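Number of protein chains: 2
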Amino acid sequence: MAQETASVPTDLPVKRPREEEQNGASATGGAMETENSTDNGTPGISSVIPGWFSEISPMWPGEAHSLKVEKILFQGKSDYQNVMVFQSATYGKVLVLDGVIQLTERDECAYQEMITHLPLSSIPNPKKVLVIGGGDGGVLREVGRHSSVEQIDICEIDKMVVDVSKQFFPEVAIGYQDPRVTLHIGDEYQMFKLGKNKIDLNTFSLLRSSGPAQELFEKPFFQSVANALRPGGVVCTQAESIWLHMHIIEDIVSNCRQIFKGSVNYAWTTVPTYPSGVIGFMLCSTEGPSVDFKKPVSSIDTSTDYNKARGPLKFYNPEIHTAAFCLPAFAKKVIDAKAK
Amino acid sequence: MAQETASVPTDLPVKRPREEEQNGASATGGAMETENSTDNGTPGISSVIPGWFSEISPMWPGEAHSLKVEKILFQGKSDYQNVMVFQSATYGKVLVLDGVIQLTERDECAYQEMITHLPLSSIPNPKKVLVIGGGDGGVLREVGRHSSVEQIDICEIDKMVVDVSKQFFPEVAIGYQDPRVTLHIGDEYQMFKLGKNKIDLNTFSLLRSSGPAQELFEKPFFQSVANALRPGGVVCTQAESIWLHMHIIEDIVSNCRQIFKGSVNYAWTTVPTYPSGVIGFMLCSTEGPSVDFKKPVSSIDTSTDYNKARGPLKFYNPEIHTAAFCLPAFAKKVIDAKAK
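Listed in order, the protein sequences are those of chains A and B.
Going by my numbering, the first sequence opens with residue 168, and the numbers climb by one from there.
Going by my numbering, the second sequence opens with residue 168, and the numbers climb by one from there.
It is possible that part of the hints are untrue.
Where chains are identical, the list cannot tell them apart; a pair therefore holds if satisfied intra-copy or between any two copies.
With a cut-off of at most 30 Å between alpha-carbon atoms, the simulated DSBU-like pairs for lysine-lysine come out as follows [unchecked claim]: (1) 333 / 507; (2) 499 / 481; (3) 428 / 386; (4) 475 / 500.
Calculated from the structure, these hints are not laboratory results.
Nothing here was measured: the structure is a model prediction, and the numbers come from that model.
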């Protein structure tokens with residue numbers, strides 16, 4: 168089992184204040200009404216399809232994706248957010264933070280495999296990995312597939328996310344069973360100090376609920392990341408949707424281009440339960456051995472006991488790795504201009 | 168302007184009967200409630216987010232995508248279906264047939280450009296094109312970008328779709344202004360007889376509302392298509408979602424592999440307002456000059472007057488063409504097995 172360290176002091180806020188109410192929806196995002204509920208005055212509850220969960224947010228105004236709810240399995244409030252798990256009719260169990268879908272059992276493979284293997288397959292023999300966020304454990308499960316990896320640190324601010332995942336998503340939280348994993352509950356800045364110039368890969372499985380998470384997409388933050396990486400080390404972070412957030416993506420690419428002296432690339436993939444059905448990834452490397460993210464250099468050894476136990480990859484393969492960097496014309500024009 | 172022929176006799180049904188009611192949703196698919204509406208007993212109307220349009224169908228049970236409605240611009244009933252146009256808050260104007268979103272101004276570029284340029288860029292100097300469905304005119308607009316094309320026939324069964332597109336979607340229906348275009352209102356089987364062994368490209372922009380459209384995905388239908396194509400001619404049809412309809416896709420690929428003696432390939436792209444956020448395409452070629460769909464052989468001459476007037480492509484480019492054929496592991500496994 169993974170070790171669990173004492174909490175790291177949280178001297179810097181990770182979550183930013185919610186945006187103001189907009190679009191007629193509760194600013195907490197999301198809306199839930201059980202079949203017997205008639206109370207539309209409760210915060211976060213609005214008039215939606217009875218018995219369905221609807222994801223409404225000022226981050227994607229004017230549209231909402233809804234899933235039919237079979238049963239609510241957990242509702243709690245941590246120091247940081249509202250945490251909910253429900254059994255959906257057709258997407259398996261669903262984890263929701265502050266009204267925003269984080270994962271469903273049916274499509275979590277796409278996000279977890281891509282945010283992990285896009286960067287890890289782009290460098291030879293990765294050894295030290297730092298995961299920020301991703302408390303559900305799915306990224307850990309995928310990192311563990313790379314047999315060269317010796318050390319996996321994960322820094323998650325909200326212990327409730329870890330606990331809930333272990334209870335309701337055992338096939339995701341299985342990532343914690345890897346003896347290479349150490350869980351740190353707390354703020355990520357301390358982790359960067361520990362990892363200075365040592366880390367091969369830093370993956371950010373940022374909470375989608377934190378919206379544009381401005382401070383995590385700005386230069387001082389990326390500078391901390393760059394400092395923590397070894398020469399030629401890489402970072403991969405969730406980076407919004409090309410259909411919804413081109414203005415944010417433009418800023419992220421621009422900031423990364425100034426901070427990271429190696430490669431700076433944007434990739435994307437399909438995730439049905441994320442707004443607009445896609446999610447992007449920002450991949451950067453530091454000065455040092457050059458990294459061509461578009462051409463995977465290491466493959467996953469499927470014959471290891473670890474990979475046999477976890478079963479085959481559901482989503483990632485080398486072809487879809489390369490394809491993920493091909494952008495539609497409207498996105499390519501903007502991103503290429505900023506990435507140079 | 169395009170010519171418009173007399174109606175072709177419709178001796179065969181194009182639309183199949185609706186599937187039975189399922190999942191608590193009206194079997195007509197879709198649900199609409201205006202802000203002042205309180206009538207939830209009308210067929211096709213259910214309790215959804217007030218002032219929003221929700222797309223509910225037994226074809227994608229347990230999930231629904233909703234768009235905020237600013238104003239309903241048109242509601243009509245043709246001999247074949249219910250036709251609606253509304254102004255959405257964030258996706259521009261939206262065309263809905265029998266409760267299912269056909270296109271929005273914001274993302275129509277992805278579907279129209281990919282279903283057209285994937286096949287047309289895969290063969291040298293296409294001359295004769297037959298479009299089945301796609302009465303909105305968007306595919307015509309894209310076909311016209313290829314300057315080698317001399318003749319474009321479109322066969323649309325529902326004249327109301329054409330009229331509504333010309334009235335509310337001028338930037339889509341602009342495709343009809345091409346003098347190479349001839350519009351045939353009626354059933355497509357007559358078109359196959361007219362086109363026997365002559366057509367370079369046959370594109371099916373099938374109505375998504377017709378669900379799996381069983382008879383259009385079965386062998387006799389594909390045999391008619393194959394007969395209409397010249398040796399080395401190609402067909403591209405809408406082919407559902409890898410996330411939702413792998414069992415249907417498996418059958419389509421299997422049928423196509425038996426009928427088409429050339430290449431048989433599956434591609435996909437992102438369309439935010441289609442269920443699960445993706446749509447697939449089936450691309451096949453007949454016996455004759457070999458076609459490698461994954462490698463575009465002809466490019467669009469952007470210097471022609473036609474292309475200057477239409478403006479640049481928004482979505483398609485040669486890289487995303489090749490990337491569209493890269494499938495996630497779960498889909499590749501099934502499709503590759505059937506395509507061989």
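Which numbered hints fail: Going through the list in order, the structure violates hint 1 alone and respects the others.
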